[in-house]
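Trainee: Take a look at the letters that make up each chain.
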Amino acid sequence: MAETMGLVQDVSATPSRVPPIVQVDDLHVRFVSKDATVYAVNGVSFTLDPGEVLCILGESGSGKSVTLRALMRLLPRKRAVINGRVIVDGHDILSLSTSALSRVRGEIVSMIFQEPMTALDPVYSIGEQITETVRRHEKIGRAAAEARALELLELVQIPSAKRRLKAFPHELSGGLRQRAMIAIALSCRPRVLLADEPTTALDATVQIQILLLLRQLQKELGMSVIFVTHDLGVAGEIADRITVMYGGRFVEEGPTTAVMRDPLHPYTRGLLASTVHGQMHRERLRTIEGSPPNMEMLPAACSFAPRCRYAVDRCLEGVPDLHRPFPNRSARCIRLEEIGSMT
Amino acid sequence: MANYILRRLLYAIPIAIGVTVICFSLIYLGPSDPIAAVMPDEASAADVQRIREAYGFDKPVPVQYALWLMRAVQGDFGNSLQSNRPVLDELIPALQNTLRLAVFAAALSFAIAVVVGSVAAYSQGTWLDKTVTSFAITGVSVPHYWVAIMLVIVFAVELGWLPAMGMGTGSSRDWAWDAEHMKALILPVISLSLIPAGIITRTTRASVLEVLSHDYVETLRAKGLSEATVLRHVLKNASPTVLAVTGLQFGHLLGGSILIETVFVWPGTGFLLNESIFKRDLPVLQGTILVLAMFFVFVNLTVDIMQTWLDPRIKRD
Ligand SMILES: Nc1ncnc2c1ncn2[C@@H]1O[C@H](COP(=O)(O)OP(=O)(O)OP(=O)(O)O)[C@@H](O)[C@H]1O
Ligand SMILES: [Mg+2]
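Chains as they are written, first to last, in this note's numbering: chain E, 1 to 343; chain D, 344 to 660.
One thing to keep in mind: the hints can contain errors.
Said to hold, decoys possible - With a cut-off of at most 25 Å between alpha-carbon atoms, the simulated DSS-like pairs for lysine-lysine come out as follows:
#1 D/K473 - E/K34
#2 E/K78 - E/K34
#3 E/K166 - E/K139
#4 E/K166 - D/K579
#5 E/K162 - E/K139
#6 E/K78 - D/K473
Claimed, not checked - In silico negatives: residues of chain E with every beta carbon more than 12 Å from chain D:
#7 P20
#8 D26
#9 E59
#10 P169
#11 G175
#12 M181
#13 D203
#14 L217
#15 R261
#16 R307
Hint data in this document are derived by calculation from the structure and do not stem from the laboratory. Ideal Cβ positions, reconstructed from N, Cα and C, are used throughout, including at glycine.
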């Protein structure tokens, strides 16, 4: 896939003071089965600085979760073919041995999931699920691990933490379960936290609490976070930087406020169109006319072109390179300037 | 937890009563008058009537049931019509003999099935999985007495490694845990294990696959746990189902297999049941069925309690 080579050079040319904690180069993921091949991620490159919060926005099926899982190589080994390079805190994730990988998981990078109802093992207590993680990664005794578990439940502000250690997941409400999930993910103080729509399944008020908690913990612990969401309000609340995903590619990337105020890519414009500035809180992504691309047969062209009102014949000639009209901003569209002057 | 166990015990009572009623009514379900069956043809009507009264058959049915039950709970199931000895004297050795087979067969099939079933689930769709699955189906569907005969031909007749039948030297009532007796166990235990092993393997495979499809398995891997620890979580989640099926199979094994016990001349409960049916020995039949049914209720109760211990989601207040 030579079309993305230009992007790789772009990324490495970006000047940055501290080395990034996550560096992804030309990531491709496809799922191969007897009936079909699904091209879920098609050349994604980005970096994440220590302490930075990156939000990945995009429609359902655009490849957000697959990108996130690829960062931990948490994809079905038999069906998923992963290509490219993923470096997390100096570890080359895609070439690690299984045992080395399991050391990185949970210790350097960990993940929280969308469904707190199903993401916890129902037959082990919350306390056990934390202590086993701690003891897997650190040489400490049972008592010390239990003390850490209690500390963690207090950190994620679970009331009556001591009693909750013995609780089983089904005995907790959705919000508390998600807090427990966060406690497990943070149990070894990872440097990178991956959050796959961690608030989507929760009630609105609980969503805000969890979001505030995550933001506070991110600041306190100085973690880097990659946060996947459908929700523009959530992205605006928590992210330093936003990237917009479409058809398995990052089509736009930039600082949160800049992207929200002044979107470059026609797709991002479409997403934001219905949103009045300052009132975007809790607003869901508006659907854009047309249907998302078929991930089994992606064209060698701009995959948004069929739905784009600015599309011209040239858009179908190849996958657009990443253009950088301003510092720190980029978008995969060949007509950025023309569209910019139109509006 | 103690509360829960107590409640389960209370639930078991009506079941146990139902079982006693059914066992008792066996007398009246038979095709012929039980007294007539044991009396010689030339017996006079007066003699028949005397025996009838002696055994209490002249009283109203509920009274008969109450009397029978009272004796039964004290372990008195009457005397065998054939040997005239107390039923319990026949039943206890038979039950011990079958228990020896059943415990080993259940343990063996459980151990094999859990390993093989998990391997099949983890390698779903590969040749390994397909081999295991077809072996499991074969185990369930091949006639196990035929396998027993084949085993005897190979290991007893041809190779002479193991005894072809019986429980070692001495009468069927002197068992000892020595090499000779253990050798006698091997072939019948293997033959008896086939069906339970097949069934438990398929159950394990299905429940491990089901558990592996859950999101929390991904969480376990995301935490960096070793694959062995992940497997421990998976098995614990799969265990309530596997245990339920194993308990059921153990219950079946307790009933003894008439065919296997016949092939190996193993005087167990299957043997005893067969004989008592054949000879219309109703007290023995009643006593055996009642005790076996109680064992079955007890095994189910044990499985229930173990399940609540393994899966906290099952209500235990
Ligand atoms: N394990 C898998 N096997 C096969 N295809 C998969 C698998 N996981 C994801 N896909 C496919 O990859 C594509 C991207 O899926 P992904 O889950 O990343 O979407 P998403 O952006 O997270 O969507 P959502 O917002 O609905 O979570 C989809 O077409 C999906 O069907
Ligand atoms: Mg997703």
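Trainee: If a hint holds in the structure, say so; if it does not, say that too.
Mentor: Against the structure, the hints come out as follows:
no.: 1; hint: D/K473 - E/K34; in the structure: holds, 18 Å
no.: 2; hint: E/K78 - E/K34; in the structure: holds, 12 Å
no.: 3; hint: E/K166 - E/K139; in the structure: holds, 23 Å
no.: 4; hint: E/K166 - D/K579; in the structure: holds, 18 Å
no.: 5; hint: E/K162 - E/K139; in the structure: holds, 23 Å
no.: 6; hint: E/K78 - D/K473; in the structure: holds, 17 Å
no.: 7; hint: P20; in the structure: holds, 22 Å
no.: 8; hint: D26; in the structure: holds, 24 Å
no.: 9; hint: E59; in the structure: holds, 22 Å
no.: 10; hint: P169; in the structure: violated, 9 Å
no.: 11; hint: G175; in the structure: holds, 18 Å
no.: 12; hint: M181; in the structure: violated, 8 Å
no.: 13; hint: D203; in the structure: holds, 20 Å
no.: 14; hint: L217; in the structure: holds, 17 Å
no.: 15; hint: R261; in the structure: holds, 35 Å
no.: 16; hint: R307; in the structure: holds, 32 Å
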